[in-house]
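K.L.:
Since the structure of chain A is provided, determine the placement of chain B on it from the hints.
For reference, the chains in residue letters:
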Amino acid sequence: MEATTAMALNIEEIREDFPILHQEVYNKPLVYFDNAASTQKPLQVVEALTNYYLNDHANVHRGVHYLSQKATDKFEAARETTKRFFNAESSDEVIFTKGTTDGINLVAYSFGEAFIKEGDEIIISTMEHHSNIVPWQMLCDRKKAILRVIPISDKGELDMEAYQNLLSSKTKLVSVVHTSNALGTINPVKEITQSAKSVNAYVLIDGAQAAPHQKIDVQEIGCDFYVFSGHKIFGPTGIGALYGKREILEAMPPYQGGGEMIKTVTFEKTTYNELPFKFEAGTPNIADVMGFAVAMDYMNSVGYENIQAHENALLKYATDQLKQNFENVRIIGEADNKASVISFLLGNAHPYDVGALLDKMGIAVRTGHHCTEPLMNRLNIPGTVRASFAFYNTFEEIDLMINALKRAEKMLM
Amino acid sequence: MSIEEKQNEIIEEFAMFDDWMDKYEYIISLGKELEPIEEAQKNEENLVKGCQSQVWLVTKVIEGKLVFLADSDALITKGLIGLLVRVLTNHSPKEIMDAELFFIDEIGLKEHLSPNRANGLASMVKKMKTYSIAYSALNN
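Same order as they appear, the protein sequences are chains A and B.
Okay, so the first sequence: first residue is 1 according to my numbering, each after it adds one.
Okay, so the second sequence: first residue is 1001 according to my numbering, each after it adds one.
Bound-form chain A, shown alone (with noise of 0.2 Å):
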């Protein structure tokens, strides 16, 4: 059941599902704050996965039986919820991936092999992950395409006008990340989506860390596809999805060969399976599709009114902390519209030794370039430190992260 009202959320009560958290790493309480880079799970999860394996398993779809009965069952249950989860028309538009990376991939090599020719333009911005930039890449070598890239400011903001400008009717796609992993921007998704239909654009939306967050309406934003990864939404790893328009899935070719993708098969021809189908060979990843639509429920009952309410006072606290403990503190990426992400730099200290340091003071973050090199490379720093938040997090846990950052910086500067 999703939230209508924000109230305050009782995060005691939700760390008691997450078992993970209640350790100590080098004799101190662990600080998890490296949600941008991976989720840790709730038990309801884990346990999806467990009586998964322990009471419901059977291969899916094709066995007469009652257990693969069952599992189909499930299986296609899942599919519902995803569906929801994107709000799609339909769950025929709902493929499940490896994850966003794959996701990304099958649309630059299926999609690209029926619509992207030579002297095309693929649009990207430059607070992409490398994994929005190089699939492109590959594309636009194989079809003699031209890659083009959004500025930012300064802030951390795409340039909006000069994405006007970079539009023409050689764009053929514009792929873009809903939230920077580094950099925390929330981007104007609908605006890009509808200028790129101006001009007759498809448009893919990386969801990966704007998932975690908030809720996902592929429909309101009117993209072509959308991707993101469930061991960021609490799910396990190794699962994503991909939601596609129904008229351009059916209109590109499969992506890999093999069982399920499959009509009939003769050596003379062979004739592809429906949607979803057609784009999931082999069997299916089913054990993690089970707990990856147990953490949408589990997302939808704890409320994305209820996680964007603590989430961004969590951002705003952190923020403030930082700013009132470190007069060298520099916050990489200050966009107005922000999710529960900080990068920031102390002084001329080192990322790695920032983050080793915290390491060992039990607190958990990412440090270097959080594979987004070109984005470093034009804001002109070697990487940043970032702490993430998710529901879970507390403001007691910010409160040791700064303790910790004073002890490093005494022993850094």
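Where hints are given, some of them may not hold.
Stated by the list, open to error - Think about it this way: if two alpha-carbon atoms lie no more than 20 Å apart in a straight line, the pair counts; the simulated EDC-like pairs of lysine to aspartate or glutamate are:
1. 1023(B) <-> 409(A)
2. 1032(B) <-> 409(A)
3. 410(A) <-> 1019(B)
4. 410(A) <-> 1025(B)
5. 406(A) <-> 1022(B)
6. 1023(B) <-> 359(A)
7. 360(A) <-> 1105(B)
8. 1127(B) <-> 1100(B)
9. 28(A) <-> 1019(B)
10. 28(A) <-> 1025(B)
11. 28(A) <-> 1018(B)
12. 410(A) <-> 1022(B)
13. 360(A) <-> 1019(B)
14. 406(A) <-> 1019(B)
Unchecked claim - Some, not all, of what chain A presents toward chain B, calculated at C-beta under 7 Å:
15. 23
16. 24
17. 26
18. 29
To be clear, the hints were calculated from the coordinates, so they are not data collected in a lab.
Everything numeric in this text was worked out from a predicted model, so none of it was measured.
No residue lacks a Cβ here, since even glycine has one placed at the ideal position from N, Cα and C.
P.N.:
Relative to the frame of chain A, chain B by itself:
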């Protein structure tokens, strides 16, 4: 002092720390004391690129022995390479080639040498060993 003796000496030094932060404090101080290399030598040729921190390694041959100088943009990495330089510098290529580096493990810093740590340290050790092999090959 042999490579083994130097390693034992370092293990003894680190034995007095029972707290991780004290250990790191010491490593950082070692980094700060490290003999600097000239800015001009921090070039592409001497760069051992890590994913996060970078290391520069300069190798000289003096009277048949390899002498290493190294630097890093991160202080902890710099302290660790200081230890590696201290252990391996001023030894014959054969001694370096045969050296088994057990001290990193013993002082509890093995994680820094693992390839996923991305600090260029593992590549630096590899490069030091490669120099020794190359130098031996040239002189045999």
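K.L.:
Decide, hint by hint, whether the structure agrees.
P.N.:
Verification of the hints:
1. Of the pairs offered as hints, the one joining residue 1023(B) and residue 409(A) holds, with about 16 Å between alpha carbons and a cut-off of 20 Å not exceeded.
2. At most 20 Å may separate the alpha-carbon atoms for a hinted pair to count; residue 1032(B) and residue 409(A) meet this at roughly 15 Å.
3. With a CA separation close to 17 Å, the supplied pair residue 410(A) and residue 1019(B) stays within the 20 Å bound.
4. Taken as a hint, the residue 410(A) and residue 1025(B) pair is honoured in the structure, with Cα atoms around 10 Å apart against an allowance of 20 Å.
5. For the hint linking residue 406(A) to residue 1022(B), the alpha-carbon distance of about 15 Å falls within 20 Å, and the restraint holds.
6. With a CA separation close to 14 Å, the supplied pair residue 1023(B) and residue 359(A) stays within the 20 Å bound.
7. For a cut-off of 20 Å, the pair hint linking residue 360(A) to residue 1105(B) stands: about 17 Å separates their Cα positions.
8. For the suggested pair residue 1127(B) and residue 1100(B), the alpha carbons sit about 15 Å apart, so the restraint of at most 20 Å is met.
9. Distance check on the hinted pair: residue 28(A) and residue 1019(B) sit about 12 Å apart at the alpha-carbon level, within 20 Å; holds.
10. This hinted pair checks out: residue 28(A) and residue 1025(B) have alpha carbons roughly 18 Å apart, not beyond 20 Å.
11. For a cut-off of 20 Å, the pair hint linking residue 28(A) to residue 1018(B) stands: about 14 Å separates their Cα positions.
12. Between the alpha carbons of residue 410(A) and residue 1022(B) the distance comes to roughly 13 Å, so the proposed pair stays at or under 20 Å and holds.
13. Pair hint residue 360(A) plus residue 1019(B) holds up; C-alpha atoms about 10 Å apart against a cutoff of 20 Å.
14. Annotation: proposed proximity of residue 406(A) to residue 1019(B) holds, straight-line Cα distance about 17 Å (limit 20 Å).
15. Annotation: residue 23(A) was flagged as interfacial toward chain B, and the flag is violated, the nearest CB pair being 17 Å apart, outside 7 Å.
16. A hinted interface residue such as residue 24(A) counts as satisfied when its beta carbon comes closer than 7 Å to some beta carbon of chain B; here the least separation is about 13 Å, so the hint is violated.
17. A distance limit of 7 Å between C-beta atoms decides the matter here; for residue 26(A) the minimum to chain B is near 6 Å, and the interface restraint holds.
18. At a threshold of 7 Å, the smallest CB-CB gap from residue 29(A) to chain B is about 15 Å, leaving the interface hint violated.
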